[in-house]
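Turn these sequences into a full structure, and let the hints guide you.
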Amino acid sequence: MDKNQLISIANLAKLKLEDSQINSMLIDFNNIVAYVDDIRNMDTSSIHDDDIYLNHQNAVRPDITGKCLQTEEIAAIAPQFENGYVVVPRVIET
Amino acid sequence: MKYSATKQALNNGTLTSYQVCSRLIERIEKLEPKIHAFLSINKTKIIEAARASDARRSAGKALSAFDGIPIGIKDNICIQGEVASCASKILANFVSPYNASVIEKLLAAGFILFPNLNMDEFAMGSSTENSAFAVTKNPFDTSRIPGGSSGGSAAAVAAGMLPVALGSDTGGSIRQPASLCGVWGLKPTYGRVSRYGLIAYASSLDQIGPIANDTQGVADVFSVISGKDDHDSTSKNLPAFQTTEISELSIANLKIGIMKDDGSQWSADVKNRFDEAVEILKAAGAQIIELDFSLFNYSVPIYYIIATAECSSNLSRFDGIRYGLRVNKTGKLEDLYTDSRSEGFGKEVQRRILLGTFSLSSGYYDAYYGKAQKTRVLLKNQYDSFFKQVDFILQPTSPTTAFKVGEKTGDPIQMYKADILTTSVNLAGLPAISIPAGLGTDKLPIGLQVTSPAFSEGRLLSFVNWLATVPQFKVDLPEEIQ
Numbered sequence: 001m002d003k004n005q006l007i008s009i010a011n012l013a014k015l016k017l018e019d020s021q022i023n024s025m026l027i028d029f030n031n032i033v034a035y036v037d038d039i040r041n042m043d044t045s046s047i048h049d050d051d052i053y054l055n056h057q058n059a060v061r062p063d064i065t066g067k068c069l070q071t072e073e074i075a076a077i078a079p080q081f082e083n084g085y086v087v088v089p090r091v092i093e094t
Numbered sequence: 001m002k003y004s005a006t007k008q009a010l011n012n013g014t015l016t017s018y019q020v021c022s023r024l025i026e027r028i029e030k031l032e033p034k035i036h037a038f039l040s041i042n043k044t045k046i047i048e049a050a051r052a053s054d055a056r057r058s059a060g061k062a063l064s065a066f067d068g069i070p071i072g073i074k075d076n077i078c079i080q081g082e083v084a085s086c087a088s089k090i091l092a093n094f095v096s097p098y099n100a101s102v103i104e105k106l107l108a109a110g111f112i113l114f115p116n117l118n119m120d121e122f123a124m125g126s127s128t129e130n131s132a133f134a135v136t137k138n139p140f141d142t143s144r145i146p147g148g149s150s151g152g153s154a155a156a157v158a159a160g161m162l163p164v165a166l167g168s169d170t171g172g173s174i175r176q177p178a179s180l181c182g183v184w185g186l187k188p189t190y191g192r193v194s195r196y197g198l199i200a201y202a203s204s205l206d207q208i209g210p211i212a213n214d215t216q217g218v219a220d221v222f223s224v225i226s227g228k229d230d231h232d233s234t235s236k237n238l239p240a241f242q243t244t245e246i247s248e249l250s251i252a253n254l255k256i257g258i259m260k261d262d263g264s265q266w267s268a269d270v271k272n273r274f275d276e277a278v279e280i281l282k283a284a285g286a287q288i289i290e291l292d293f294s295l296f297n298y299s300v301p302i303y304y305i306i307a308t309a310e311c312s313s314n315l316s317r318f319d320g321i322r323y324g325l326r327v328n329k330t331g332k333l334e335d336l337y338t339d340s341r342s343e344g345f346g347k348e349v350q351r352r353i354l355l356g357t358f359s360l361s362s363g364y365y366d367a368y369y370g371k372a373q374k375t376r377v378l379l380k381n382q383y384d385s386f387f388k389q390v391d392f393i394l395q396p397t398s399p400t401t402a403f404k405v406g407e408k409t410g411d412p413i414q415m416y417k418a419d420i421l422t423t424s425v426n427l428a429g430l431p432a433i434s435i436p437a438g439l440g441t442d443k444l445p446i447g448l449q450v451t452s453p454a455f456s457e458g459r460l461l462s463f464v465n466w467l468a469t470v471p472q473f474k475v476d477l478p479e480e481i482q
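Here the protein sequences come in this chain order: A and B. The first sequence begins at 1 in my numbering and counts up one residue at a time. The second sequence begins at 1 in my numbering and counts up one residue at a time.
Calculated from the structure, these hints are not laboratory results. Certain hints may be false.
Simulated DEER-style distance windows between Cβ atoms [stated by the list, open to error]:
id, chain 1, residue 1, chain 2, residue 2, range
1, A, Ala34, B, Lys43, 32 to 42 angstroms
2, B, Asn237, A, Glu73, 26 to 36 angstroms
3, B, Tyr365, A, Ala34, 17 to 27 angstroms
4, A, Glu73, B, Asp230, 17 to 27 angstroms
If you want the footprint, here are the derived chain A segments under chain B, 3+ residues with CB under 8 angstroms [claimed, not checked]:
id, stretch
5, 3 to 14
6, 24 to 35
7, 39 to 51
8, 59 to 69
9, 73 to 81
Which residues of chain B face chain A? A few of them, derived with a C-beta cut under 8 angstroms, are [to be verified]:
id, residue
10, Ile302
11, Tyr304
12, Asp319
13, Gly320
14, Ser361
15, Gly363
16, Ala367
17, Lys371
18, Pro412
From the three backbone atoms N, C-alpha and C, an ideal C-beta is built for every residue, glycine too.
This is the structure:
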């Protein structure tokens with residue numbers, strides 16, 4: 001992992017690393033990746049993708065309206081709220 | 001005051017909930033400057049709830065035998081009208097509009113909530129040093145950490161500020177702080193307690209559980225919070241745990257597994273106490289069986305790949321749009337996302353989001369995340385084979401007693417290794433409890449971890465009740481805290 005790769009990962013994660021943070025984060029990151037790297041040598045040929053998900057079940061419920069947050073409750077926690085809507089910056093740049 | 005004594009006093013009328021809660025608030029006010037277990041405390045609200053409980057009892061309308069018992073709540077569990085900050089700047093002012101399912105159940109039983117217990121930010125840490133607001137200290141030595149991430153819960157219970165508290169455990173976050181603070185902490189089987197309203201870190205691993213100053217506190221609270229919940233799709237369709245499932249076990253009929261481990265990563269105190277525990281069980285007639293846990297050294301790497309992958313996905317919801325911190329410097333949407341997240345999340349949370357994003361990214365997914373998922377199945381299979389041979393597995397909970405504040409903050413891998421004995425249990429979805437096992441030569445608590453098959457908490461707590469009677473395992477608070 002080099003500096004550019006780390007910045008690329010940070011972009012994917014919507015995080016902005018300050019120049020002062022990048023070097024120490026890069027050192028930590030490479031140490032952690034080296035620590036977990038052994039796992040790549042594990043023989044997992046006996047395990048198939050199905051084995052991971054076979055015990056999982058879909059959870060379904062009746063298709064009826066349940067209790068949900070009311071507009072005023074959403075307004076109370078939203079950073080900016082006007083006329084029944086959460087206000088966000090313009091999405092389509094002009 | 002022990003949980004069982006508190007419950008008894010409330011039920012036989014020798015103490016009111018008001019008296020119990022007032023005394024605890026006094027103690028909290030006295031000790032908080034040293035311990036910092038709470039992020040905030042609303043005395044008025046607590047006293048109002050206690051008086052309401054007393055009024056119910058006086059009218060013969062107690063909601064349950066638990067009516068009026070105080071319980072602490074970790075700051076990642078949502079309570080309607082209360083801040084649930086996860087000890088993060090990004091949620092510092094977030095007031096939950098709804099109750100977690102465990103909170104609904106506790107309130108229905110009459111428990112008095114003491115919210116806002118400190119924690120590592122978003123439950124990511126092993127020392128509570130990652131809280132954005134305060135470092136909680138260990139009541140046995142305030143120069144040391146209480147463990148984490150439920151460090152506030154464990155420290156408050158250990159210091160006698162509360163008889164019981166809720167924590168959450170993703171890789172050891174109930175058991176490790178319980179161990180380092182000399183109290184009991186149960187991580188239930190995955191699916192046994194609803195996660196609805198627990199702010200998610202790693203959804204396939206997270207589980208809410210009790211930390212208490214006696215075994216009855218663990219069993220009672222677990223009985224209240226467990227059971228099927230339609231709001232959590234991973235909730236198991238089983239009835240709530242009943243304390244009547246706890247019975248007297250014949251130790252002589254038990255097979256106890258111990259992991260083949262050279263103990264080289266354990267401190268001498270921990271190793272000696274573990275060996276002593278094994279001898280005590282042998283003397284009581286239990287059969288000790290050594291298990292070859294060949295995947296042991298992979299458990300922390302698997303955990304950190306899977307947990308961080310899930311964290312990078314779960315924490316994507318904190319984007320400054322609908323709730324939480326919004327930083328809008330440029331008026332551009334992309335900048336709003338990145339500025340809100342970069343200013344709102346602390347260093348360790350950012351590190352884990354980055355690691356998770358990396359292991360899920362194109363070109364690395366199969367090598368890391370895919371491999372970790374498959375190895376997790378192998379690990380679970382290994383546990384299944386162990387429980388064909390033994391009833392319980394006994395280990396230390398933590399390889400050392402509590403370390404010094406700041407000792408491991410500069411080295412994330414050393415911090416991650418603090419979870420070396422606990423993470424595999426979460427990966428396999430099993431129940432495990434940390435129990436106090438006396439003090440080391442450093443006068444700090446040592447904990448033992450007992451793991452049992454999935455959904456066998458009744459037998460687990462039965463065994464623990466016996467272990468709680470071992471005189472060598474008694475833990476007394478240091479005089480300055482008493």
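We went through each hint and held it up to the structure:
no.	hint	verdict
1	A:Ala34 - B:Lys43: 32 to 42 angstroms	violated (50 angstroms)
2	B:Asn237 - A:Glu73: 26 to 36 angstroms	holds (30 angstroms)
3	B:Tyr365 - A:Ala34: 17 to 27 angstroms	holds (19 angstroms)
4	A:Glu73 - B:Asp230: 17 to 27 angstroms	holds (21 angstroms)
5	3 to 14	holds (count 6)
6	24 to 35	holds (count 7)
7	39 to 51	holds (count 7)
8	59 to 69	holds (count 3)
9	73 to 81	holds (count 7)
10	Ile302	holds (6 angstroms)
11	Tyr304	holds (6 angstroms)
12	Asp319	holds (7 angstroms)
13	Gly320	holds (6 angstroms)
14	Ser361	holds (6 angstroms)
15	Gly363	violated (10 angstroms)
16	Ala367	holds (5 angstroms)
17	Lys371	holds (5 angstroms)
18	Pro412	holds (5 angstroms)
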